[in-house]
Amino acid sequence: MKKTNRQAIAGKIIWMVIQYVSLLFFSFVAVLPVVSCVITAFKTDTEYQNTNVMTLPESWFNFENYIKAFDKANMGRGFINSAIILVCVLIISTFIGTQLAYVLDRFKFFGNGLIRNLFLFASQLPGVAMQVALYEIMYKLHFINSMFGYIILMCGTDIISIYIYIQFFENIDYSLDESAIVDGANYFTIFYKILLPLLKPAIVTSCILKGVGTYNEYYCANLYLQDKTRVNTVATSLYTFVGPLGSKYNLICAGVIISLLPALIVFITCQKQIYSGLTQGAVKG
Amino acid sequence: MTMKKRRSFPDWLRSRDGQKVLVMTAFMIVPLVLLFVFTYLPFGQMFGFSFYNMKYIGARKFVGLKNYAKVFSRKDCFGALKLSLYYMLGSVVQLVIALYLATILSFKVRGGNLFKGFMFFPFLINGIAIGFIFKFFYTRGFVFDTVLQWCGFQLDNLPYWLRDQKINNFSLVGTSVWRYFGQNMVLFIGAIMSVDAELYEAATLDGANRFQQFKYIIMPSIKTIITLNVILSITGSLSAFEPPYVITDGANGTGTYFVVMHEIAHTQQKVGLASAMAIVLLIIILIVTGLQKLFFKYIFKSGEDEDPRAAIKREKQLARISGRRGGAAV
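Protein chains in written order, with our numbering: chain A, 1 to 285; chain B, 1001 to 1330.
No lab work stands behind these hints, which were simulated from the structure alone. Don't take every hint at face value.
[Unchecked claim] Computed list of lysine-lysine pairs in DSS-like fashion (alpha-carbon distance at most 30 Å, straight line):
id, chain 1, residue 1, chain 2, residue 2
1, B, Lys1293, B, Lys1215
2, A, Lys68, B, Lys1135
3, A, Lys228, B, Lys1055
4, B, Lys1166, A, Lys248
5, B, Lys1215, A, Lys272
[What the hints assert, rightly or not] So the derived label-pair ranges between C-beta atoms look like this:
id, chain 1, residue 1, chain 2, residue 2, range
6, A, Leu245, B, Asp1076, 23 to 33 Å
7, B, Tyr1040, A, Gly11, 35 to 45 Å
8, B, Asp1249, A, Val87, 29 to 39 Å
9, B, Gln1269, A, Thr189, 47 to 57 Å
10, A, Asp71, B, Val1230, 39 to 49 Å
11, B, Leu1291, A, Tyr139, 29 to 39 Å
12, A, Ile268, B, Lys1223, 25 to 35 Å
It should be emphasised that the depicted structure is a prediction, and the values quoted were computed from it without experimental measurement. In this text, a Cβ means the ideal position worked out from N, Cα and C, and glycines have one as well.
Just chain A, same shape as in the assembly:
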């Protein structure tokens, strides 16, 4: 009896050790590339050339690289543009998404299933392949180097949040609509006055996900917002460091760290919503 007890305790301890060693190891792997960038970003040019990359910087208050990177890559402009894009995309796609989800969930009509399938099929098409032909359309619409065009494009290719909204509508009791209809409200009133306020948690969730996605989007931004002095986003302003500056990693790392600060802040403040939003999008039926 005693022996098995001791074995069980030993087993538990071993399992505990394995657990924490694994967690520590994978956390180390996850943060190492970013931490090494932070270390390098605080180094002066001579320090960067003469010390190993993993040697800690002499001063943690050397913000010179950050200032230089911010300046060289025109990141001020980038932050303004990204903010404009973000606000517009979030507002427009929230309206489009919730309205579409409302109609698809609340109305039975011929073509309802077809429309759902059209969106579904669209989500299966790889974006990179679509840009081959989309480039010509954007060109004809005069959407090259146009923030407006880019915003419209970003709103048009949104499928995940529509799912989140439909799911949410499914859980709102239809009797709410019916009693409003009896009271003489029209559909617009029902949607804006009754349902939209109830949808707030879903809107917050999908805005955070969509927001991070939009902020990080660089492929289309690079393709369609080519004039990097005028219409750069935070992500595409990093393209400045491709080329002659390509080996000044203390400068580049500073730029990289600046570009991921907003995502980090959003992550720290909205951790729970991000996790639950992702899970909602994938796990629940």
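Starting from the structure of chain A, add chain B where the hints point.
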């Protein structure tokens, strides 16, 4: 013919039916126009382009199926699909790591949230930054080499991670695993948490150890999402794009199918050939997706007799996950 009271249009508009049509039109016109202009119109045009020898601007020449013949005969086009195997392998590794960590984190662990946060954060970094981070990380004598030297390796014995053709595709796949394992883990934790907590308590009372709990409680409850992820990683691997695009620009034999296609379309401006490439891969992806659906119907039908609602639920999950993948791939 029955007598029908003729209603004027404004009257009809004020009726219930009219209101319905009005709200449906008002709410659906914008998303449908956007869907058409940015997805189905280019899709159709791409099909047309694939029969022409053309640039974005200038004269176009009809060449029939020549572009398609080129896709299959040019070594750099169709051959690039071989690289997908690396990415498939990577997604299996990623899945195993994610599942292992999710199992650990779904039990009470000190500092669990902090660990979870560290491992999830890479998912939120923009692609360009990732490109720079890993160019830096893999540079000779820099971060990765230094850490390996700490572990006792000699620098002379280490390969050039991004240049050596024997190893560079693994290096790139590694970055993709690095970026997504935390996100996968969070999804799995979500699935595990949806299991009733009482089940675990009962199992613990019955003396089940962690491994047994994993095998008999966790595994069955997340079987669907795992199978979905495994199968969907095939299409994901076929369309692998980001790591080589941002880190090596497809140099030294790292150009995946889409990287080659991007280069042909936007640098060389051979739009016809690039369109044909896109169409070929889309057809392959559609076939694979179709096969997956059949496969699913087969294994789930024989496995358990379930009600049709569960099947619908799974269809939705499939759509969502692949949608997510698609979003991440760009």
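Exercise. Just pull the numbers of the violated hints for me, sorted ascending.
Key: 7
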